[in-house]
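Chemist: As a plain string of letters, each chain reads:
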Amino acid sequence: MFGYVILLVLAFLIMTLLEVPGLVKKKAWRELAAFSFFLLLGFALALPQVLGMEVPNPSNAIEALYKPFSGWLK
Amino acid sequence: MLESGKINSQQAIWLMITLVIATAGIYVPTIAVNAARQDAWLSIIIATLVALFIAVLIVSLTLRFPGKTLFEIPELILGKMTGKIIAFLFVLWFIHIEILVFSEFGNFMLSTVLPGTPMLVNHIVAAILIAYITRNGLEVISRFNGLLLPLFVLSVTLLVTLAFKEISLTRLLPVFDCGLADIMKGSAAPVARLGEIIVLAALIPYLNKPGQALRVAILATLVNGFIMIINVLYPLAIFGPDLTASFLYPIYTSVRIISVANFLERLEAIPVVIWITAGIIKVSILRYVTVLGAAQCLGLKDYRPLVLPVGAVVVAGSLLMYQDVAVTTTFTTEVWPFYALTFEAGIPLLLLVVALARGLGGKNKGF
Chain A
1 MFGYVILLVL AFLIMTLLEV PGLVKKKAWR ELAAFSFFLL LGFALALPQV LGMEVPNPSN
61 AIEALYKPFS GWLK
Chain B
1 MLESGKINSQ QAIWLMITLV IATAGIYVPT IAVNAARQDA WLSIIIATLV ALFIAVLIVS
61 LTLRFPGKTL FEIPELILGK MTGKIIAFLF VLWFIHIEIL VFSEFGNFML STVLPGTPML
121 VNHIVAAILI AYITRNGLEV ISRFNGLLLP LFVLSVTLLV TLAFKEISLT RLLPVFDCGL
181 ADIMKGSAAP VARLGEIIVL AALIPYLNKP GQALRVAILA TLVNGFIMII NVLYPLAIFG
241 PDLTASFLYP IYTSVRIISV ANFLERLEAI PVVIWITAGI IKVSILRYVT VLGAAQCLGL
301 KDYRPLVLPV GAVVVAGSLL MYQDVAVTTT FTTEVWPFYA LTFEAGIPLL LLVVALARGL
361 GGKNKGF
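As you go down the protein sequences, you meet chains A and B in turn. Numbered according to the working numbering, the first sequence spans residues 1 to 74. Numbered according to the working numbering, the second sequence spans residues 1 to 367.
Pulled out of the complex, with its shape left as it was, chain A reads as follows (with noise of 0.2 Å):
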């Protein structure tokens, strides 16, 4: 499982070394902002499921929220 982590930690690194640096150069600071939102939206949905937590489902939100029309299509 520490394998898997370490293996998760580089995949996110590799993809910060590509972008990163250029966005540094160029002062965009509002795109690193927005970048690393979704790399850390990314690694937050990612972490648990490598370490073999129970997560909630954000799909299940999204259901309950349609329940009423899902019903008719059962």
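Just so you know, these hints were derived from the structure itself, not from any lab. This one's a predicted model, so the numbers in the text were calculated from it and none came from an experiment. Hints may be right or wrong, so weigh each one.
Residues from chain A that face chain B, not an exhaustive set, calculated with beta carbons under 10 Å [claimed, not checked]:
| # | residue |
| --- | --- |
| 1 | Phe2 |
| 2 | Ala11 |
| 3 | Phe12 |
| 4 | Leu23 |
| 5 | Ala28 |
| 6 | Arg30 |
| 7 | Glu31 |
| 8 | Ser36 |
| 9 | Leu39 |
| 10 | Leu41 |
| 11 | Gly42 |
| 12 | Asn60 |
| 13 | Ser70 |
If you only want the chain A side, here are some residues facing chain B, beta carbon under 10 Å, derived [unchecked claim]:
| # | residue |
| --- | --- |
| 14 | Glu19 |
| 15 | Gly22 |
| 16 | Pro48 |
| 17 | Leu51 |
| 18 | Val55 |
| 19 | Ser59 |
| 20 | Lys67 |
Virtual Cβ for every residue (Gly too), placed ideally from N, Cα, C.
Guided by the hints, dock chain B onto chain A, whose structure is given.
Modeler: Using the frame of chain A, we list chain B on its own:
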């Protein structure tokens, strides 16, 4: 402008065709046949008519605001704060379609051609390819698509022709066996698929002749509807409604049984290659629109830095949210149609009504 490239109307039509038909052959036939049995093709006809309304709706909304995309229009109509929130909801929804497409293809590969390969491996290979295509911009996606779509059409035509001796149209009888309610029920999932034409609302400013957008949307929807009818009729005429409803991938199974002179057999690799390539293009278009939308709604100068992290969100999200084929099919059957229609028809209709009520936008182009 974030994107300097322009595409012509024909490229736009082809993009919209690939966008919709890439996943139209995977779950939609089963869902439609489950609800409407041998009348599923009537469901698709109804779905196409509804999708034509959606096409007219989104084009008339976008053409009222020349040079603005789907992600900038809510801000002009509803004010800065609400508009930004709605635009960002659209971005999240596009990410969700990508996640769903990834899961559909991942599960398809797992249960048919690559049963031993972990889904993550396929996902990562696809994600790298998609990131590379998307970073090159809209023109490259369009040309790539222009190269491949004729090949898809040719091979699909070939496969349908080869199965001709298995086809028996009596399996489609009796017509209107199950009543209008079931036919309507069967049209929900196809409408949600055909309604993905809303992607065009983000591309209209990049057409070289935006005035032709209505023609693009209507032609693409008609072609998509026609291909979807074939997708449903083809397995129905070979297997009849009961067997078709029991298959997860009826088209794949129909191609498997092709046998010409005991010699031309096992052609199922052809639809797999077609679907995977079309799926890659589909997600590239969606990814392009997602990052363009995110960049426009956050006020960025460049969309390219967002391509890779959004890809990470999609891969991680698809493995988290739809682990197996049962979860994916239940979600696409029961939740996806109305959830998708909220964004495809509900919000655009609301925006158009408010724009008309407030008298915003140009008068000559719309309705």
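Chemist: Does the nearest C-beta of chain B fall within a distance shorter than 10 Å of the C-beta of Ser59/A?
Modeler: Hint on Ser59/A: holds, closest Cβ of chain B at ~4 Å, below 10 Å.
Chemist: Against chain B, is Ala11/A within 10 Å by beta-carbon distance?
Modeler: Nearest chain B Cβ about 8 Å off; hint holds.
Chemist: Just to be careful: measuring from the Cβ of Glu19/A to every Cβ in chain B, is the smallest value less than 10 Å?
Modeler: holds (5 Å)
Chemist: Does Phe2/A pass the interface check with chain B, least Cβ-Cβ distance below 10 Å?
Modeler: Given a least distance of 18 Å, the restraint on Phe2/A is violated.
Chemist: With 10 Å as the cut and Cβ atoms as the points, is Ser70/A at the interface with chain B?
Modeler: This interface hint holds because 4 Å falls under the 10 Å limit.
Chemist: Quick check on the hint: Lys67/A CB to chain B CB, less than 10 Å?
Modeler: At about 9 Å, which falls below the 10 Å cut-off, the nearest Cβ of chain B leaves the hint on Lys67/A intact, so it holds.
Chemist: When the nearest CB of chain B is found for Gly42/A, is that gap smaller than 10 Å?
Modeler: holds (3 Å)
Chemist: Quick one, is the Ser36/A hint okay against chain B at 10 Å, beta carbons?
Modeler: holds (8 Å)
Chemist: Would the hint on Val55/A be counted as holding, given a Cβ-Cβ threshold of 10 Å to chain B?
Modeler: Hint holds; Val55/A Cβ to chain B Cβ min 7 Å, cut 10 Å.
Chemist: Hold the hint about Asn60/A up to the distance rule: shortest CB distance to chain B must be less than 10 Å.
Modeler: holds (9 Å)
Chemist: So, Leu39/A near chain B? Judge it on the closest CB pair being under 10 Å.
Modeler: holds (4 Å)
Chemist: Would the stated hint for Glu31/A survive a check requiring a Cβ distance to chain B of less than 10 Å?
Modeler: Holds, about 5 Å.
When the structure is compared with the earlier hints, violations turn up for hints 1, 17 and for no others.
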